[in-house]
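Protein chains: 2
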Amino acid sequence: MTELRTLKVALLGCGNVGAQVARILIEDADTLAARAGAKLQLSGIAVRNVHAQRDVDLPQELFTTDADTLVKDADLVIELMGGIEPARTLILSALRNGACVVTGNKALVAQDGPTLHEEADKAGVQLSYEAAVAGAIPILRPIRDSLAGDRITRVLGIVNGTTNFILDQMDTTGAQFADALAEAQRLGYAEADPTADVEGHDAAAKAAILASLSFHTRFALENVHCEGITSVTAADIAAAKDAGFVIKLLAIAEKLNVADTETGGGEGVSVRVHPTLLPREHPLAAVHGAFNAVFIEAENAGELMFYGQGAGGTPTASAVLGDLVSAARSLVLGGPGRTETTTGQVSALPIDAAVTSYYIGLDVADQPGVLARIAQLFAEHGVSIEIMRQTIHRDAESNVESAELRIVTHRASEAALAATVEAVKGLDVINSVTSVLRVEGV
Amino acid sequence: MTELRTLKVALLGCGNVGAQVARILIEDADTLAARAGAKLQLSGIAVRNVHAQRDVDLPQELFTTDADTLVKDADLVIELMGGIEPARTLILSALRNGACVVTGNKALVAQDGPTLHEEADKAGVQLSYEAAVAGAIPILRPIRDSLAGDRITRVLGIVNGTTNFILDQMDTTGAQFADALAEAQRLGYAEADPTADVEGHDAAAKAAILASLSFHTRFALENVHCEGITSVTAADIAAAKDAGFVIKLLAIAEKLNVADTETGGGEGVSVRVHPTLLPREHPLAAVHGAFNAVFIEAENAGELMFYGQGAGGTPTASAVLGDLVSAARSLVLGGPGRTETTTGQVSALPIDAAVTSYYIGLDVADQPGVLARIAQLFAEHGVSIEIMRQTIHRDAESNVESAELRIVTHRASEAALAATVEAVKGLDVINSVTSVLRVEGV
Chain A
0 MTELRTLKVA LLGCGNVGAQ VARILIEDAD TLAARAGAKL QLSGIAVRNV
50 HAQRDVDLPQ ELFTTDADTL VKDADLVIEL MGGIEPARTL ILSALRNGAC
100 VVTGNKALVA QDGPTLHEEA DKAGVQLSYE AAVAGAIPIL RPIRDSLAGD
150 RITRVLGIVN GTTNFILDQM DTTGAQFADA LAEAQRLGYA EADPTADVEG
200 HDAAAKAAIL ASLSFHTRFA LENVHCEGIT SVTAADIAAA KDAGFVIKLL
250 AIAEKLNVAD TETGGGEGVS VRVHPTLLPR EHPLAAVHGA FNAVFIEAEN
300 AGELMFYGQG AGGTPTASAV LGDLVSAARS LVLGGPGRTE TTTGQVSALP
350 IDAAVTSYYI GLDVADQPGV LARIAQLFAE HGVSIEIMRQ TIHRDAESNV
400 ESAELRIVTH RASEAALAAT VEAVKGLDVI NSVTSVLRVE GV
Chain B
0 MTELRTLKVA LLGCGNVGAQ VARILIEDAD TLAARAGAKL QLSGIAVRNV
50 HAQRDVDLPQ ELFTTDADTL VKDADLVIEL MGGIEPARTL ILSALRNGAC
100 VVTGNKALVA QDGPTLHEEA DKAGVQLSYE AAVAGAIPIL RPIRDSLAGD
150 RITRVLGIVN GTTNFILDQM DTTGAQFADA LAEAQRLGYA EADPTADVEG
200 HDAAAKAAIL ASLSFHTRFA LENVHCEGIT SVTAADIAAA KDAGFVIKLL
250 AIAEKLNVAD TETGGGEGVS VRVHPTLLPR EHPLAAVHGA FNAVFIEAEN
300 AGELMFYGQG AGGTPTASAV LGDLVSAARS LVLGGPGRTE TTTGQVSALP
350 IDAAVTSYYI GLDVADQPGV LARIAQLFAE HGVSIEIMRQ TIHRDAESNV
400 ESAELRIVTH RASEAALAAT VEAVKGLDVI NSVTSVLRVE GV
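From first to last, the protein sequence lines stand for chains A and B. Under numbering that gives the first Met the number 0, the residue at position 135 of the first sequence is numbered 134, and the numbers go up by one with no gaps. Under numbering that gives the first Met the number 0, the residue at position 268 of the second sequence is numbered 267, and the numbers go up by one with no gaps.
For the record, the hints were derived by calculation from the structure and aren't laboratory data. Quick reminder that beta carbons are idealized off the backbone N, C-alpha and C, glycines included. Watch out, some of these pointers could steer you wrong.
Unchecked claim - One-sided and incomplete, this derived list gives chain A residues near chain B with beta-carbon spacing under 7 angstroms:
1) P141
2) D144
3) S145
4) A147
5) G301
6) F305
7) S325
8) A417
9) V435
Let the sequences and hints guide you as you build the complete structure.
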């Protein structure tokens, strides 16, 4: 057997994922070398505090605080520090030096993808970030390579394990949001400050990345309409369940042709994150706990789903190392790195131009003719009703009757729906609008 | 924009998939050119009869019976003829000419993979066959590239839509095999001669390919133990359903360490196709109709599942075109094609060394002490029982009682199980062994 060349690997950051990447690089060195066609030598791990406690026992001499020097001497750089700076500067410096870069930094890729890609293309090296979206699930490479000869029309992703765990708990146990969040925190699925997860920011960064790859056009974080799950109530979940739906936080990217709207529409891609009702028989409805899944609709391939663990040190390390071995192979074989194509010409649509179905819950007066008046109002706003169901409640003591009205619409624009809801609120027979939620998969 | 170079694409075969590939190459020429970085010009379609009726209206001048000449002049060759010859000779000739080859020919790849790969490596060109396994589902590329830094331990695949449709029908409607097969034939999911599907031969070729990629070792068709679904009865399905299981035809490849068996074991990979009981809550149990799915367990990534359409002209064409665009990009960028690694050293295990759980249905005499005697016999053969359930039936007219015994074992070797079943048959209290089925996912 010929002697394999050695490639130096610099690791930036040694948290949950980084520590597992370092462990596997050391423990599985022989296997990785055989797969890559080169020895992958971990040359150092840049951290803020070289004496910090780690999850994994690693050789102390690998640690350094001097990330700059480490990067300058590396063939392959793995960035797992997170945040924008100094990650951005270090990655750009690595690319300029001709090193391939593997990162799991979704915020940075969503914000600065074009700059990073431009630098990688200029240097002819690979920039890859499979770990940035849906952890262990191979999703970016299949979209980029396997579906390169197809046209993706829609992507629906459960890409945040924390919120899926919380919504799944609420669905299973009937818990309120606050209690389900507390349980997620107790089990380590949610952080002490859960804002980035529960407000949808994490999912929004992943939505921007998925949309960019799926539609061959760079979408930035500001193109993503984002709503979190903090306002989803146990009553919403119960009503959805009763109607045969489950509520999931979805990252959605879909091509729409809404040229006839007056809301800045036209052909384009709607990229958004929001709580969404899905029929219980939809493949994504069966994704429980902290698992992730991405459902793709393509013109030729039809429906595809990719399912697996979306977070966790070891699963995410698998995605990082897959990218690393691919990048190493490209260095060994020679030739420029495989890059994404950005040949698309589609624009990001504002949320008002999004077209979807809606679930609307109303607390209404129990009077004759109420349904007719509401139906009339929907018709006037061009929103077609698919299902309308009224449930009468009678308070046993007071003998007062109240009525609950649940409406599922056909596909309509956000703008038309918003106008309809405004008008409905003005009706004297409406006590309150209890929920307005979007529906997919019907 | 700089002028793109033109790559000549030769298509061999124009059946269900080939006709769609031709259509998309013509209709989506601009999109494909942008993705590939080169114009993909369909230079000709080799068929046996140039005047045959096609599913798609294609320019008559593209058709030729002279495949040899077409291949000699091509940069990219798509082989969708099926069968071993002349496909094999044409592919080898294309590779020797420096053309990249895309094929959907599972039988050929399973039988002659090593020869084809050797030729592709020698020429430094890509040989890819995503369409050969699970149709539209991107599965080979994720295994090869995305999981390159991980160690796959087990693959369970529903890779034959015909048999999944038949078993799903039997499960849903209670139909017998023959009726479900007739229904599948009526709907076009099964061929007039369904042998290759229902006897598991199609799944076996795919199992060999999945095992080869997953364990970085070439496994041939003769390494695959294959049992079809023709002997699965409505009673088997009903009993499985009653016990919380569903029966699926699975292609299985798993690493086992059975060094302690006397059956030719040792560390190795068991590759097999057989009807298998899966718990109803297993992700694969929810794969209905003619859909396919591949479930992967890897050391670091954990559990992954890939789901989608496993057959059909247009979905399979998506996989072919994904490979084609990737191959074209490699020609445009230069550098050798990406190849598989065959660094594994694992051997194929004989079926006797396979280790799994079993479901055994027995028709037994309703006498005291029968359960104890059977349990004793299992213990003597080293097969541990997980669940044992006896149901007594009393014939209302004759007043004769019969007892049905259902046993689910813990994991045991095929050899131990076979010996146990033989011994059980010899007991005087046993009327018959009604079914022996393997169980996964417990």
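Going through the hints against the structure:
Hint status for P141 of chain A: holds, given a least beta-carbon distance of 4 angstroms to chain B, under 7 angstroms. The beta carbon of D144 of chain A is positioned within 7 angstroms of a beta carbon in chain B (closest approach about 5 angstroms), and the interface hint is therefore held. A least Cβ separation of about 3 angstroms between S145 of chain A and chain B falls short of the 7 angstroms threshold, and the interface hint therefore holds. Interface restraint check: A147 of chain A against chain B, minimum CB-CB distance 4 angstroms, threshold 7 angstroms, status holds.
Because the closest C-beta pair between G301 of chain A and chain B is about 5 angstroms apart, less than 7 angstroms, the hint holds. At a threshold of 7 angstroms, the smallest CB-CB gap from F305 of chain A to chain B is about 6 angstroms, leaving the interface hint in force. Hint status for S325 of chain A: holds, given a least beta-carbon distance of 5 angstroms to chain B, under 7 angstroms. Given hint, A417 of chain A at the interface with chain B, is violated; its Cβ is 35 angstroms from that chain's nearest Cβ, farther than 7 angstroms.
Annotation: interface hint on V435 of chain A violated; nearest CB of chain B at approximately 30 angstroms, more than 7 angstroms.
Of the numbered hints given earlier, the model fails hints 8 and 9; all others are met.
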